[in-house]
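In UniProt numbering, the protein residues as written are 1 to 81.
Quick caveat, the hints were computed from the structure, so don't treat them as lab data. Since this is a predicted model, take the numbers as computed values, not measurements. Heads up, the beta-carbon is just placed ideally off N, CA and C, and yes, glycines get one too. A portion of the hints provided could be inaccurate.
As the list claims (entries may be wrong) - The list that follows gives simulated cross-link-like pairs (lysine to aspartate or glutamate, EDC-like), each with its CA atoms no further than 20 Å apart:
no., residue 1, residue 2
1, K38, E9
2, K44, E16
3, K38, E10
Claimed, not checked - Have a look at the derived ranges for each label pair, beta carbon to beta carbon:
no., residue 1, residue 2, range
4, M61, I27, 19 to 29 Å
5, I27, T48, 37 to 47 Å
6, A20, E45, 15 to 25 Å
7, E4, T56, 35 to 45 Å
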Amino acid sequence: MSEEQPTFEENLATLETIVAQLEQGDIPLEQALTQFQKGVALSKELQTTLQDAEKTLTTMMNDSDQEVAFETPQGGTGDAD
Numbered sequence: 001m002s003e004e005q006p007t008f009e010e011n012l013a014t015l016e017t018i019v020a021q022l023e024q025g026d027i028p029l030e031q032a033l034t035q036f037q038k039g040v041a042l043s044k045e046l047q048t049t050l051q052d053a054e055k056t057l058t059t060m061m062n063d064s065d066q067e068v069a070f071e072t073p074q075g076g077t078g079d080a081d
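Please model the entire structure based on the sequences and the hints provided.
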């Protein structure tokens with residue numbers, strides 16, 4: 001019996017739940033450390049997925065089959081806070 005991998009959206013929702021738990025600060029230290037480690041791993045996995053998607057889109061959008069990098073906006077991360 002094979003286990004299905006969670007989707008990007010499911011992993012993101014899990015990460016958001018972990019962040020909310022850690023921000024509340026009312027969980028035991030050991031559990032907080034475990035959740036933090038899980039959050040870091042999920043964050044890395046999500047970042048890799050986004051990078052792979054960007055590479056795929058870049059390749060698809062380039063007619064000459066040469067990879068062209070997307071430009072990152074200068075001076076910010078895109079957060080509106």
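How the hints compare with the structure:
no. : hint                  : verdict
1   : K38 / E9              : holds (16 Å)
2   : K44 / E16             : holds (14 Å)
3   : K38 / E10             : holds (14 Å)
4   : M61 / I27: 19 to 29 Å : violated (44 Å)
5   : I27 / T48: 37 to 47 Å : violated (27 Å)
6   : A20 / E45: 15 to 25 Å : holds (19 Å)
7   : E4 / T56: 35 to 45 Å  : violated (21 Å)
Against the hints set out earlier in the document, violations occur for numbers 4, 5 and 7.
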